[in-house]
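Participant: Below are the chains, spelled out letter by letter.
There are 2 protein chains.
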Amino acid sequence: MREFDEASLTEAVIRRFGETPDPRLRQVMQALVGHLHAFVRDIEPSFEEWQTAIDFLTRTGQKCDDRRQEFILLSDTLGVSMLVDAINHRVAAGATPTTVLGPFYVENPPVLPLGTELAARAPGDRLHVSGRIAAAGGGPLPGAIVDVWQSDAEGFYDVQRPVGEAPELRARFEADAEGRFHFWTVVPSAYPVPTDGPVGEMLKATGRHPMRPAHIHFMISAPGHETLVTHVFADGDPYLDSDAVFGVKEALVRAFEQNPPGTAPDGRVMDTPWRSLTYDFALRPLAG
Amino acid sequence: MREFDEASLTEAVIRRFGETPDPRLRQVMQALVGHLHAFVRDIEPSFEEWQTAIDFLTRTGQKCDDRRQEFILLSDTLGVSMLVDAINHRVAAGATPTTVLGPFYVENPPVLPLGTELAARAPGDRLHVSGRIAAAGGGPLPGAIVDVWQSDAEGFYDVQRPVGEAPELRARFEADAEGRFHFWTVVPSAYPVPTDGPVGEMLKATGRHPMRPAHIHFMISAPGHETLVTHVFADGDPYLDSDAVFGVKEALVRAFEQNPPGTAPDGRVMDTPWRSLTYDFALRPLAG
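Protein sequences appear in the order of chains W and B.
Residue numbering for the first sequence follows this note's numbering, starting at 2 and increasing by one per position.
Residue numbering for the second sequence follows this note's numbering, starting at 2 and increasing by one per position.
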């Protein structure tokens, strides 16, 4: 068939994907065409607007490199990442809620012993973080792998600093025989998502602030359990109700307690006030 | 508000765009969130599928450069470009139908006198192209600007050849006092859209061929008239009914006539058989 008009075009494109060998890919592509065409029919873009969209998407791809993923950031700021997260965590009785991975996770973080102080020379208040990993509705998970990463006290991740100049605020710990972990770090700061790319332009043009409330990322895995990707947010942060990526869940907000000088839980004697965070995580057992 | 769940998230994201100062941008972003979330809810992607989509979009952007626009190609092959075209050309009584711009247009083509032979040393059958530019329902448009570009006899555009090695199969002509234009070129070939990028992967995975029927591109402009972006397709081409970008319209298909050796319309004496194409274009007067 030739001569597709405004009425017949969408069905013709959907039909063209009808011979896709893989049934899941066929479903995805036909749904994509339907929803994408519905969006175009809804807004009726001019050619200039369509060209602006092409340019935006092109620049978003070109902003990506080994240390920057602008399309994930776009997905995050449009609420898509949290929607994918919600769809994939419908049955989570007793398990710790999940939230976005975000663009700053780096594969194979440094493996460090429990109790290590991250970024010992970095400015900021010292923070002792501890907790326990258990199965949802079950016992502790000895040897669970706990990846942590966070911004520094100025709101930057190490991968946003020049290579070699940043204290590494990321690590991999192995929980002990009781499923417990603990380490020292600095109190993270609220921070803006990167605004020097197309996503920053979008946020500015739409009057949205780019801030995320202060948090520490956790990715926790143990055999026989679904890997948990989440954050713990600092209670009292002014951006908890307007997170630029819609990632806050009430159960993930926790006080970063103020403590006077004295002896910390691991026996370290602190000459200055210090902070502490305790959070116990529950992993969802894999089905079957 | 915090604690967005699968049910409440989409409305929360739409509300977040409610303060967008520009009303058109607000409309576009809110519609985008609604349709994009509907697509995600429809297909319920796994994290791995979502990551595959992020990676596909990233690589699509990174495939683009000064000579390649993979996002336009994606728009073309998903039928979006033709839908935008249809939406913007609803009232076109008597005007020549439009079709996609495609990814191979280059700004500021070489300005050449009428009658020039493009790619005089390129292999392929010689083709004489001529026609007349007029207003839809009106008289000729003297001095109309006629941009033409096309593939060569092997199906490649000049911008797909190494720089400096390609005959330039593109030009800008100025119609004469009667709105007429004419030039010599080679007969274009059917060709595949570029398949060495993400769009090529998509076509292959979905069992779609990448071919476009042979055609010559025209972009024609005249003061007081809407610029016409179209093709003229070669009648008899085997891909007219399955154009990879859904661009064929019956009124744009025309015979590339066979002619025996002899004298061409411009007086040139041809020792070998030659081809000829005549097409008269009608431009839509601008409203108001």
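A portion of the hints provided could be inaccurate.
You can't tell identical chains apart in this list, so a pair holds if it fits in one copy or across any two.
Straight-line distance between alpha carbons at most 25 Å, and here's what the computed SDA-like set of lysine to any residue pairs gives [to be verified]:
| hint | residue 1 | residue 2 |
| --- | --- | --- |
| 1 | Lys205 | Gln28 |
| 2 | Lys250 | Leu278 |
| 3 | Lys250 | Pro98 |
| 4 | Lys205 | Glu118 |
In case anyone wonders, no lab produced these hints; they're calculated from the structure.
Bear in mind the structure is a predicted one, so any value in this text is a computation, not a measurement.
Participant: Against this structure, judge whether each hint is valid.
Facilitator: Now the hints, each set against the structure:
1. Lys205 with Gln28: Between copies only: 16 Å across chains, 35 Å inside a chain, cut-off 25 Å.
2. Lys250 with Leu278: within (17 Å within a copy, 66 Å between copies)
3. Lys250 with Pro98: The answer is within: 7 Å in one copy meets 25 Å, while 53 Å across copies does not.
4. Lys205 with Glu118: Answer is neither; intra-copy 37 Å and inter-copy 51 Å both fail.
Against the hints set out earlier in the document, a violation occurs for number 4 only.
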